Amino acid sequence: MSDFDTEIDTSGLNCPLPVLKARKMLNEMSASQRLRLICTDTGALKDIPAFCKMTGNPLLSSEEVEGKLYFIIEKGA
Amino acid sequence: MAKKLAIIASKGTLDGAYPPFLLASTAAALGFEAKIFFTFYGLQLLKKDMSLKVSPLGNPAMPMPVPVPSIVQIIPGLEAFATWMMQRKLKKKGVASVAELREICLKSDVELIACQMTVDLFDFKNSDFIDGISHGGAATFLEFASEADITLYI
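Chains as they are written, first to last, in my numbering: chain X, 1 to 77; chain R, 1001 to 1154.
Hints in this document: simulated from the structure, not taken from any laboratory.
Heads up, a few of these hints could be off.
What the hints assert, rightly or not - Interface residues of chain R toward chain X, partial, derived using beta-carbon atoms under 10 Å: (1) 1028; (2) 1030; (3) 1093; (4) 1131; (5) 1152.
Unchecked claim - Between beta-carbon pairs, the in silico distance windows are: (6) X:56 to R:1091: 29 to 37 Å; (7) R:1135 to X:31: 34 to 42 Å; (8) X:60 to R:1063: 36 to 44 Å; (9) X:68 to R:1151: 31 to 39 Å; (10) R:1065 to X:43: 18 to 26 Å; (11) X:24 to R:1063: 30 to 38 Å; (12) X:43 to R:1099: 36 to 44 Å; (13) X:31 to R:1084: 43 to 51 Å.
The structure displayed is predicted, hence computed values, not measured ones.
The beta-carbon is built from N, C-alpha and C at its ideal position, and this holds for glycine as well.
Generate the whole structure from the sequences, applying the supplied hints.
Right, dumping it as structure tokens:
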């Protein structure tokens, strides 16, 4: 698993809260810092890559471990 | 240039409140400029006290724990019960509340526009509504919608 600077755990929260919480956190981060986002919302599997693509914040990795999704998002320039 | 989302919110029920606020807050998170135009019953969504309800009456697709015939659904209290059940379910499943999504919309600069004609029609007072909203009419909406990438009527 890649290194990260900040983490948010959205376990138990449903759409669109993981995206909204990721947005809020990324706003407070500086460019090239990394966010680890943990989700249990299975919709996030599609939603987080879509969010990253549209906002220009590269999605470095995504993996599923024991029913939880772990995303590493890098804050874009 | 930022993409634009234009929504007309015409429903004032608990279930009808979700799509406009949910899509607009998410659009803002994706970098969109978003505006919601509230008309007719949608104006309820701008009230300080929303107290939104959901009714199984006339809504045969609403999942119920046991089948409830339409004739029974007119019993006083059934609507309140259905609303309570829906709210409990939303909370249990980790879905944001309508008030929470509305707050996120305001904080992320989604413009909430009250249709002036329906405000006058229903004799609503500006003091009934939350702060930070604007007022406008058909031309206000159409001007923005004419440049929007996505336009929805809900």
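Hint-by-hint comparison with the structure:
{"no.": "1", "hint": "1028", "result": "holds (8 Å)"}
{"no.": "2", "hint": "1030", "result": "holds (5 Å)"}
{"no.": "3", "hint": "1093", "result": "holds (5 Å)"}
{"no.": "4", "hint": "1131", "result": "violated (21 Å)"}
{"no.": "5", "hint": "1152", "result": "violated (15 Å)"}
{"no.": "6", "hint": "X:56 to R:1091: 29 to 37 Å", "result": "holds (34 Å)"}
{"no.": "7", "hint": "R:1135 to X:31: 34 to 42 Å", "result": "holds (39 Å)"}
{"no.": "8", "hint": "X:60 to R:1063: 36 to 44 Å", "result": "holds (39 Å)"}
{"no.": "9", "hint": "X:68 to R:1151: 31 to 39 Å", "result": "holds (37 Å)"}
{"no.": "10", "hint": "R:1065 to X:43: 18 to 26 Å", "result": "holds (25 Å)"}
{"no.": "11", "hint": "X:24 to R:1063: 30 to 38 Å", "result": "holds (32 Å)"}
{"no.": "12", "hint": "X:43 to R:1099: 36 to 44 Å", "result": "violated (22 Å)"}
{"no.": "13", "hint": "X:31 to R:1084: 43 to 51 Å", "result": "holds (46 Å)"}
The earlier numbered hints that this structure contradicts are 4, 5, 12.
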